[in-house]
Amino acid sequence: MSTETKAPKTAPPRAGSLRRSNRVLAFFTIPSLLWYLIFTIGPLIAMFLISFTDWTSIIATPEFIGFENFAEMFNDPRVGTAIVNTAIQLVATVPIQVVGGFMLGYFLSLKFRGHRFFRVVLFIPALISVAQLGTIFTVVFGPAGLINSLLTAVGLEEWTRAWLANESTAMLCIILVGIWSGLGFNSILFAARLSAIDGDVYAAAELDGANHWQRMWRIAFPISIDFFGVVLMLQFLWTLFGSAALILVMTAGGPGQATSTLSWLVYRFAFTGAPSIGYSQAIGVLLFILGSIGLLIIRRAFRQRY
Amino acid sequence: MSPIATKRRIFASIGAAAVAASALSGCAAGGSPSEDDQITILSGWQVGDATGDFLSAAVADFTEDTGIKVNVETVAFEDLRTTVETASVAGQMPDLITLNFTPEVKPWLDNGLIADVTPYLDEWGISDILLPGVVDPWWTYDGKVGGFPYQSGSWPVWYNTDLLAQAGIDSIPTTVDELVVAATALRDAGIEPFCFPGKDWGGGGQFWLWAQLFTGDRIADIMANGGFADDPDALKGIELLGDLRDGEVFIQDAAGYAYDDCVNAYDEGKVAIAHFGSWGFTALGEEVTAATTVAGLPLPDGAAYDKPILFPIGGNGLMLSQNAADDEAKLSLVKQFIDFLYAPEQLQAWVGESNQISSVQAAVIGDVEWSNPLLQQNATITDNNDLATIHDLYVKAGVDITPEVTWFIGTPGATAEEFAARLDQLWQG
Chain V
1 MSTETKAPKT APPRAGSLRR SNRVLAFFTI PSLLWYLIFT IGPLIAMFLI SFTDWTSIIA
61 TPEFIGFENF AEMFNDPRVG TAIVNTAIQL VATVPIQVVG GFMLGYFLSL KFRGHRFFRV
121 VLFIPALISV AQLGTIFTVV FGPAGLINSL LTAVGLEEWT RAWLANESTA MLCIILVGIW
181 SGLGFNSILF AARLSAIDGD VYAAAELDGA NHWQRMWRIA FPISIDFFGV VLMLQFLWTL
241 FGSAALILVM TAGGPGQATS TLSWLVYRFA FTGAPSIGYS QAIGVLLFIL GSIGLLIIRR
301 AFRQRY
Chain F
1 MSPIATKRRI FASIGAAAVA ASALSGCAAG GSPSEDDQIT ILSGWQVGDA TGDFLSAAVA
61 DFTEDTGIKV NVETVAFEDL RTTVETASVA GQMPDLITLN FTPEVKPWLD NGLIADVTPY
121 LDEWGISDIL LPGVVDPWWT YDGKVGGFPY QSGSWPVWYN TDLLAQAGID SIPTTVDELV
181 VAATALRDAG IEPFCFPGKD WGGGGQFWLW AQLFTGDRIA DIMANGGFAD DPDALKGIEL
241 LGDLRDGEVF IQDAAGYAYD DCVNAYDEGK VAIAHFGSWG FTALGEEVTA ATTVAGLPLP
301 DGAAYDKPIL FPIGGNGLML SQNAADDEAK LSLVKQFIDF LYAPEQLQAW VGESNQISSV
361 QAAVIGDVEW SNPLLQQNAT ITDNNDLATI HDLYVKAGVD ITPEVTWFIG TPGATAEEFA
421 ARLDQLWQG
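Residue numbers (this note's numbering), protein chains in the order written: chain V, 1 to 306; chain F, 1 to 429.
Pulled out of the complex, with its shape left as it was, chain V reads as follows (with noise of 0.2 Å):
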């Protein structure tokens, strides 16, 4: 006898109760568009309008002047310099970041015994906030830190220096901050990710004599490579547009312009010394466009091909 049951028969919804629907449902987004628009796209306009001002504070009336702050800005060596260290710090950590991440997050998503306590440990620096990171981490390549310390006791007292005031590591040190506080953050994402890969994948692979090395760049990186995408993408909007808390804590751009970035320079023309808020904005066009320009190549590269 036959068990088969029959699904009942909906008829499909007339078109015109429909566009009801969905205009019922469009109303309701009325608050959270507005919310958007306001303290989302507003602030991005308001961007653009002032870096077309003169603006020497709040306090001030500003000026319309056109396009001067950007033929200003172009011939400004200062943001030469920046727009330099800016690739620096972009070249050296997000690759680490986010390869390093993958990789760590590949070993994590085995489920090792102890893996528990390792997710735990990597997070940890994403719960410190910039000003504590950069607290600390002053304290750790100052004089007298942990750094001069150690090689102190290890016999090495002629390599100490003041590392953060010195213009051949300042930036090395802002960018091994950066790493050390971004890569096991990434870790814990695309281990989050990987896990979800069937493990099956893998019995396959090894049974024909894959190791981890290929099984990670030959299975699992094509399989996430969308959200590999994703993961470089943020990592490399943070590191463009927000590495000045970190220098605003460590180096304040010094010594010198060593440590000066674009994303530093937007908040030194708007909050220190004579605030040039207009410049300020117009520098945060530039980074904008570059964070756009860089955000489209990324999409473009890391694009899921299957």
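No lab work stands behind these hints: they were computed from the structure.
You may find that some hints are simply not true.
[Unchecked claim] Within a straight-line C-alpha distance of at most 25 Å, the following computed DMTMM-like cross-link-like pairs (lysine to aspartate or glutamate) qualify: (1) F:Lys396 with V:Glu63; (2) F:Lys144 with F:Glu104; (3) F:Lys270 with V:Glu158; (4) F:Lys396 with V:Glu68; (5) F:Lys106 with V:Asp200.
Assemble chain F onto chain V, guided by the hints.
Chain F alone, transformed into the frame defined by chain V:
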């Protein structure tokens, strides 16, 4: 409200949001809205410190005497500027602000945030009781005065005579040659000689002292316009600083030391000489305080000064908001409070209990003694030392030399010409 003010406010509002969105937002707490029957003060004087405790006690006494309520909001000094400007945009300016009048806050006068107190200094009888010169740091080029000076002081060099004695040095160095001898002896005794806070504003301040050794008060022109590379005397001062850096007169890795690091190193007896302001006289331990002699920076041969030099400092005072100045009733309340603060009883508490240096003549303050020996020394410090030109008065607004000073102090072998070229670029920016 005028169209310009409206435009400014609208622009300021969206600007504040934009700047906060694209950079780090500053502290945005505003002062309490000013009410007609009370005075509001935004203060950098922290409760728990001598200055903050003085203000709290003075406010309590004033309210008890007059019935006028005074609402004090405390903000960290480094956040005061942002807080005042944000409060202004929000229409919540406090009536009074306790702060020193640095180049960064001078635009407040031009933009109508604070009032020119010139008429009140005279009408309220304050000019008559102030020490000569204490208004100078509050004066702007266009003849306005930015506030009521309350604190004054100096920024001398501090010598730990116990540590110098341990190294076999029995007198305070008054020449650079003597300083070098002392530094060598201190190093031989395992003591760091001179703390140069190369990492922050403290090093910037000390740099200006070295820079004017051969220029004298001509340095004011360089402070305003730059031009180190073209001034042989300024170059000589920088060259001397470089020689002392390479001669290990300064603490090892000086470029990594902030002002507070130097204070701690000095207080812990790890360094024998440092350049600190009189605002820190009461912050040291008793033993180090007793061993300290304050004096000027030693002079090289051919210096433009006759005696070792130190900075006079303006210190904190009270700025009056333009809103309060424009409101007759509010101004009357403020006048009562200012009169109260400048009365001998409060000045005696400021000096005797809080161990602060007053901007008022000793004859007005009356018979009061400092319990702190450094304050006693400071009272006669100009007998044997010359006053240098303080940079706060003259440096072009927006020029921050600190990163370049960090570079110069942290780069052995860096020449005066290289440093001068880098500095001059800052004035061109």
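Comparing the hints with the structure gives:
A hinted pair counts as satisfied when its Cα atoms are at most 25 Å apart, and F:Lys396 with V:Glu63 qualifies at roughly 22 Å. Of the pairs offered as hints, the one joining F:Lys144 and F:Glu104 holds, with about 15 Å between alpha carbons and a cut-off of 25 Å not exceeded. With a C-alpha separation of about 20 Å, the suggested pair F:Lys270 and V:Glu158 falls inside the 25 Å cut-off, and the hint holds. Distance restraint check for F:Lys396 and V:Glu68: the Cα-Cα separation of roughly 22 Å lies within the 25 Å cut-off, and the hinted pair is therefore satisfied.
Using a Cα cut-off of 25 Å, the hinted pair F:Lys106 and V:Asp200 is violated, with the two alpha carbons roughly 71 Å apart.
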